[in-house]
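Listed below, chain by chain, are the residues.
There are 2 protein chains.
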Amino acid sequence: MDLSFDGDAVHAGPDARERFYDSRGYGRTTGGDLTLAPVETAHLLYRGDVDTVYDERDGSRLDFRGLLGSAAVSEVDFFVYKDLRDRGFYLSPAADDQADFTVYPRGDGPWDDTTAYRVRAVGERTDLAADSLRRLVASTAAGEAVLAIVDEESEVTYLGVDERAVSGSTDHEIPPVTGELLADRVVVWEPPAELHGKGFYGQRLDQAGDPVQLSLVEAAYLAGEGGLETDSGDGAITERGRAVEGERFDRRRRVYAALRTAGVVPKTGFKFGADFRTYGNVESVDELGHSELLVRVLPGSHTFEPRDLALDVRLAHGVRKTMVFALVGNGIEWLSVTRRTP
Amino acid sequence: MDLSFDGDAVHAGPDARERFYDSRGYGRTTGGDLTLAPVETAHLLYRGDVDTVYDERDGSRLDFRGLLGSAAVSEVDFFVYKDLRDRGFYLSPAADDQADFTVYPRGDGPWDDTTAYRVRAVGERTDLAADSLRRLVASTAAGEAVLAIVDEESEVTYLGVDERAVSGSTDHEIPPVTGELLADRVVVWEPPAELHGKGFYGQRLDQAGDPVQLSLVEAAYLAGEGGLETDSGDGAITERGRAVEGERFDRRRRVYAALRTAGVVPKTGFKFGADFRTYGNVESVDELGHSELLVRVLPGSHTFEPRDLALDVRLAHGVRKTMVFALVGNGIEWLSVTRRTP
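If you read the sequences in order, they're chains A and F.
Letter by letter, the first sequence follows residues 661 to 1002 of the numbering used here.
Letter by letter, the second sequence follows residues 661 to 1002 of the numbering used here.
Be aware that a few hints might be false.
It does not matter which identical chain is used: a pair holds within one copy or between any two.
[What the hints assert, rightly or not] In silico DMTMM-like pairs for lysine to aspartate or glutamate, Cα to Cα no more than 25 Å straight-line:
id: 1; residue 1: K858; residue 2: E905
id: 2; residue 1: K931; residue 2: D675
id: 3; residue 1: K931; residue 2: E735
id: 4; residue 1: K742; residue 2: E850
id: 5; residue 1: K931; residue 2: E965
id: 6; residue 1: K931; residue 2: D968
id: 7; residue 1: K981; residue 2: D968
id: 8; residue 1: K981; residue 2: E899
id: 9; residue 1: K931; residue 2: E952
No wet-lab data here; the hints were simulated from the structure.
Can you make the complete structure from the sequences, with help from the hints?
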């Protein structure tokens, strides 16, 4: 049984097909023959199932070391392929450019029409354009879109990526209020009880009845809805926001408004290093549930570094919240990223 | 008893001194009289201990709202002052520019020669130059240097800042090895057992005896120490590192080397969003303890955003490690930043 490498793929006959495809899900069949991708071949070589393959190009023989050291196999792909095999999955190179591997449910294989994960394999230093994550999600009709990040010590971290519809059921009538713009916030000196008590706007200086301090983003939203007046006039709050935060302020204001419109209450996510934490259903601040999401607001053109993603997602997981990225372009797209253990 | 504001400070007589300084630690004494900083006065006004103060400049009377809305008191200072008072501390404006407040141990006050914390109060959008943190630490002879960060909803997060001597007791003789430079790592195909087993260099492909993959930073360090040779020649590893990481690679290599020299084993901190996690005392990888530090490598000129600090420190706390920033300039300075609840 000989395996022959043409520089792109490895070809073998019916014996190899029976042994590697039929019984263990390697490769794909072409007629009665077998075609193996270089990464699949590297795994067979690594395991010792095959000793060497014949290189048609120069008549040499390639062993595991030779193939892994060649340009035909990326180390990142190999480590992800191996790790998923070690976890008991069969997988194949993906048929499109958005993902690298199609992973079948445990027990299934390439002869089944099932998908557990569509995996994109990247190194820890690979820049990840937000757009490429969106495309990975959009191209994943069946199964789950997953990033497999290989760190510099070749450990693999799996992150599930998905669109996230954000919605809640918070809906209170808040009487219009009057506030005073200070350096970095607005104080409502005589707030109606509903402002903080029901709407969960701002923060009381101490207790119920006390003045309520609004953050600039809360104040800008309320002012835009006609719910807040200040002596500083329309636009002063947004101007102040832009002065202290630049264009990030406008993005945050749009995301804040979208969350409120969806019935979700955004509060500062500062303690978690995020823009907002959110509460889906606030009846009253005295009976506040657990906040569900951490939201980071980013421009739609953002490029993620895998390390920053790992940090955000790990923190969110540790505090039992879901990390959501609000990508602001013409509209707002919501991507959740979560820890995964396939 | 009248309090008189000259635009910088508030002055009052012996009655006020007795009532506010002697019994509750507000202000400082000048002869038999009392001088209050605006932030202290704002707190007395807020509590209702004083209704208004006389403004010498225009003959008007200032209430809490008037003083807080004026330029004399920053909201950030007020929220920190109030929060520390609420926690049972007496505190005074600091005598130097590095800190904003000197906080006395509970039960002590400005008449004691004791310090619990030297606190710098900042808003969540204040840029924090690494150098200003170093100066805060350096100027703190007694007590602890603390950052008090006021978020946009006026909650205060306290972070302790300190120099951190990094040292461990790991010390093994590792025989020199030969490796092969792949795209993003070096593989030692026939490693001596000590390389990974004692020195905790790299990662085994699977089990003891397998090839060991070294990260580029590990490989560059070993090559620099004469412990690794590759066919690619001297300098190729560092060149590759710079190609994939830019100048960050040189900073990481220096910090890696400093940690190894100090007897500490750095391994990747990727899963924690950091550069390294560290082990102070590795006898053998089979009896590995808990890693103690998360190290983020930064240029000495770095400017922190409070939100990023909050994220790093919160994560480190959640995984029971200490966050350490390695600031690389001519030398390396190590600053630990930890969660504090005064």
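Hint check:
1. K858 with E905: Answer is neither; intra-copy 28 Å and inter-copy 49 Å both fail.
2. K931 with D675: Neither. Shortest intra-copy (60 Å) and inter-copy (43 Å) distances fail the 25 Å Cα cut-off.
3. K931 with E735: This pair counts as between: shortest inter-copy Cα distance 19 Å, intra-copy 38 Å.
4. K742 with E850: between (64 Å within a copy, 20 Å between copies)
5. K931 with E965: For K931 and E965, the Cα distance is within 25 Å both inside one copy (21 Å) and across copies (13 Å).
6. K931 with D968: both (16 Å within a copy, 10 Å between copies)
7. K981 with D968: This pair counts as both: shortest intra-copy Cα distance 17 Å, inter-copy 18 Å.
8. K981 with E899: neither (32 Å within a copy, 41 Å between copies)
9. K931 with E952: For K931 and E952, the Cα distance is within 25 Å both inside one copy (15 Å) and across copies (22 Å).
Hint violations for this structure: numbers 1, 2, 8, all remaining hints satisfied.
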